[in-house]
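Q: Chains H and E supply the protein sequences, listed in that same order. In terms of numbering that gives the first Met the number 0, the first sequence opens at residue 0 and continues consecutively. In terms of numbering that gives the first Met the number 0, the second sequence opens at residue 0 and continues consecutively.
Take these hints with a grain of salt, some might be off.
[What the hints assert, rightly or not] Using C-beta positions, here's what the derived DEER-type ranges look like: (1) E:Asp402 / H:Asn108: 35 to 43 angstroms; (2) E:Asp402 / H:Pro87: 32 to 40 angstroms; (3) H:Ala72 / E:Ala277: 37 to 45 angstroms; (4) H:Pro241 / E:Arg345: 29 to 37 angstroms.
[As the list claims (entries may be wrong)] Among the chain H residues that face chain E by a calculated CB cut under 10 angstroms, a handful are: (5) Val59; (6) Arg90; (7) Asp406; (8) Gly408.
FYI, nobody ran anything at the bench for these hints, they're computed from the structure. Quick caveat, the model's predicted, so the values are computed rather than measured. Just so it is clear, CB atoms sit at the ideal spot from N, CA and C, and this is done for glycine as well.
There are 2 protein chains.
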Amino acid sequence: MTRNDSRLLSVEEARDAVLREAAARARPAGRSVPLAQATGRVLAQPVRAADDYPPFDRAVMDGFAVRAADAAAGVELPVIGEVHAGRPSGRGVGPGECLRINTGAPMPNGADAVVPVERVAFTTEGTNGPAAQPRIRLTDAVPAGRHVAPRGSIARAGDVVVPDGARIDAAALAAAIAAGAAEAVVFERPAVAILSTGDELVSVGRPASPGQIYDATGPAVAELVRALGGEPAALGIIADDPAVLRRAVDDALRRPIVVALGGMSRGTRDLVPETFAAAGVNWRFRGVAVRPGRPVGFGVGPGGQLVFGLPGNPASTFVCFELFVRPAIEALTGRDPSPLPRWVVRLAEPLEAARDPRPAFLPGRLSAGPEGAPEARPVPWGGSGDPFCLARANALLWQRRGDAPMDAGQPVGVIPLGGET
Amino acid sequence: MTRNDSRLLSVEEARDAVLREAAARARPAGRSVPLAQATGRVLAQPVRAADDYPPFDRAVMDGFAVRAADAAAGVELPVIGEVHAGRPSGRGVGPGECLRINTGAPMPNGADAVVPVERVAFTTEGTNGPAAQPRIRLTDAVPAGRHVAPRGSIARAGDVVVPDGARIDAAALAAAIAAGAAEAVVFERPAVAILSTGDELVSVGRPASPGQIYDATGPAVAELVRALGGEPAALGIIADDPAVLRRAVDDALRRPIVVALGGMSRGTRDLVPETFAAAGVNWRFRGVAVRPGRPVGFGVGPGGQLVFGLPGNPASTFVCFELFVRPAIEALTGRDPSPLPRWVVRLAEPLEAARDPRPAFLPGRLSAGPEGAPEARPVPWGGSGDPFCLARANALLWQRRGDAPMDAGQPVGVIPLGGET
Chain H
0 MTRNDSRLLS VEEARDAVLR EAAARARPAG RSVPLAQATG RVLAQPVRAA
50 DDYPPFDRAV MDGFAVRAAD AAAGVELPVI GEVHAGRPSG RGVGPGECLR
100 INTGAPMPNG ADAVVPVERV AFTTEGTNGP AAQPRIRLTD AVPAGRHVAP
150 RGSIARAGDV VVPDGARIDA AALAAAIAAG AAEAVVFERP AVAILSTGDE
200 LVSVGRPASP GQIYDATGPA VAELVRALGG EPAALGIIAD DPAVLRRAVD
250 DALRRPIVVA LGGMSRGTRD LVPETFAAAG VNWRFRGVAV RPGRPVGFGV
300 GPGGQLVFGL PGNPASTFVC FELFVRPAIE ALTGRDPSPL PRWVVRLAEP
350 LEAARDPRPA FLPGRLSAGP EGAPEARPVP WGGSGDPFCL ARANALLWQR
400 RGDAPMDAGQ PVGVIPLGGE T
Chain E
0 MTRNDSRLLS VEEARDAVLR EAAARARPAG RSVPLAQATG RVLAQPVRAA
50 DDYPPFDRAV MDGFAVRAAD AAAGVELPVI GEVHAGRPSG RGVGPGECLR
100 INTGAPMPNG ADAVVPVERV AFTTEGTNGP AAQPRIRLTD AVPAGRHVAP
150 RGSIARAGDV VVPDGARIDA AALAAAIAAG AAEAVVFERP AVAILSTGDE
200 LVSVGRPASP GQIYDATGPA VAELVRALGG EPAALGIIAD DPAVLRRAVD
250 DALRRPIVVA LGGMSRGTRD LVPETFAAAG VNWRFRGVAV RPGRPVGFGV
300 GPGGQLVFGL PGNPASTFVC FELFVRPAIE ALTGRDPSPL PRWVVRLAEP
350 LEAARDPRPA FLPGRLSAGP EGAPEARPVP WGGSGDPFCL ARANALLWQR
400 RGDAPMDAGQ PVGVIPLGGE T
């Protein structure tokens, strides 16, 4: 089988074309939202510490607040009271005294070290009861500053604690709250119009007539967009009718990113390229030397919209989404594009060759090998028309020459599916 | 510095205790939900193909449906009509005839192969116009079955296309829809009660009085639970008052998993262990040889609830969550527990030693090295009281002996944070 692939772009050329256009777009607006609604969003402005952290000299062990100058081994000190977390002590520590203190409590005036409860002997039974004043005997000397986190020792007021461009996950949420933030300035989610084309398609939940198949790709792309931080605008299934498609295209072009599924091939009903062109979209490429996904196209709309025409079947769509749509959404959410490939790992089982020299992105699994090192193996698939294979995969494996077999042990480029890592 | 760690469990012993209890719990109930609401949920029953896939013999190229017996090189065939995707052709292909066909369309009766449009010469100009019957000339012979996906060739009705125990992501969603499913039977999300204890804590958005700090850990744990597929029940900040805490504990124990934050140390206000014990919780361990996170405890409630007492600061909490709470939630959502560590990769920069021999789980970053291989490096941190370090990290690095430095190039165990991979 020979193919005339001379007019097809390489994956790298096609990605560069997308990245150039995406980088030229203005970042979306930033908007302040309560932190409870900010998870999954990307910071448009850094989170800064509202105050020093800790905001006061803080005990970091349970024990006794002492003056280090007093705290030689064997010294006995009366325990004159207790400091609780949450409120400053009304009482300071004078020479030859100590206060019981709990982790997290502010250090009382005069004290500059904490002796952990495990490092003292009680010379009067009990320290909490209404007994006569309890006393402790120190087993070791205690240097100044021991078991105290001084005010501002972790961060100073105004320090950046979460940088802009970071996606807010649980750890960033904890940092922002600890820093005293109640809101975060995040980028608006870019809207991504999704239209599925094809008279053979029927929506999930409806009965399928003879000759019809379910539109699996449209809902899956909406989920991919959502997971990446975009706002899917699902326009549904569009019939292979020029007027109907044109209305859907005009609607879609109200969003900064458009993903059209199906209708990019050379069939007599493949109306997508012309209809977008008639609506003012300038196709930058149509056709990439990649398997699956060759008919993929990318264009720029009259208002700068980034328009993707993807093949309609799930396998090709996932490949083209990862290669071309993902970096566009990342750029429009204020992030750097994920590297291609994300990882290079050892191939645990051989990759067979096809008769087609185009680079292939094949369903595979990334898992820990016998020593725990990440390794990848192909999963069986029935070609680009197999809508089930990716449910058995968690990654795409990059076979750079589709007609060259790869042996177990060789390094292989991997794109994880469905996660950020 | 010496420590009496003899009564502390190892990380492995403590995890085994959690996993044994979690495995003994009944799986949650399964419930049928529409696929649109099923993403992120775990399948309690496999998704099976409702019909053969494809449900009819399907053209997989744009071209001409022919009888292979006719299709020798150089043969000319009249194009007697066209088959569109979405509806069966009313007309069959007789000997010496062909029908124009589009990708995805059902094969017409009589035809058993598709000749791609690129592999024919048109002997009459145009094939769609109202011209006299167009004809094609084949450039090559075409074997039977070429470019046809026979009915049931990808899956047979009843085949499992997504196994039970799988979490529904975009790829599983595509597979389920393609298989004709409209609903999926998923496990109920296990409810996880979260209570933050400590008089020093104040909720995000409220003004902090002197001596107070923000409760960063409670909202972060809620986010970790949500990301894992649990249903967080945030009970808020509970004062260090025995009666108040007891009411909160009784409320918390209405859920199958309880996470109490703070109050697990040896301070005079550390009431959490006794209060849970008074409510019938049998502590299986209190104290694990791990840094940070040593005070962590695990117990079993009177109704079989899995109860975790975690140190209150974010760094210790994240470590203990990953080590102990995550496998419990995974088990109660019907999944196998994530392996510990998830990966072993090369250390790109040395890990310093502490004076403490306990195994340490330190904030780090997992990223692609010069050749693309995953590698890990530590990120600076200010100890367990630093609430900001994890926002700079995307992984925990496992230093198996905390007092033994690790050189660059050594293998290190890694737990990714905040994702599934």
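Q: Now tell me if each hint is right for this structure.
A: Going down the list of hints, with the structure as the test:
1. E:Asp402 / H:Asn108: 35 to 43 angstroms: holds (36 angstroms)
2. E:Asp402 / H:Pro87: 32 to 40 angstroms: Holds: the Cβ-Cβ distance is about 37 angstroms, inside 32 to 40 angstroms.
3. H:Ala72 / E:Ala277: 37 to 45 angstroms: holds (39 angstroms)
4. H:Pro241 / E:Arg345: 29 to 37 angstroms: Check failed, 57 angstroms falls outside 29 to 37 angstroms.
5. Val59: With a minimum Cβ separation of about 6 angstroms from chain E (threshold 10 angstroms), the hint on Val59 (chain H) holds.
6. Arg90: Status violated, d = 14 angstroms.
7. Asp406: violated (18 angstroms)
8. Gly408: For Gly408 (chain H), the interface hint is violated, since the closest Cβ of chain E sits about 14 angstroms away, which is over 10 angstroms.
Hint check: violations occur at hints 4, 6, 7 and 8; the rest are consistent with the structure.
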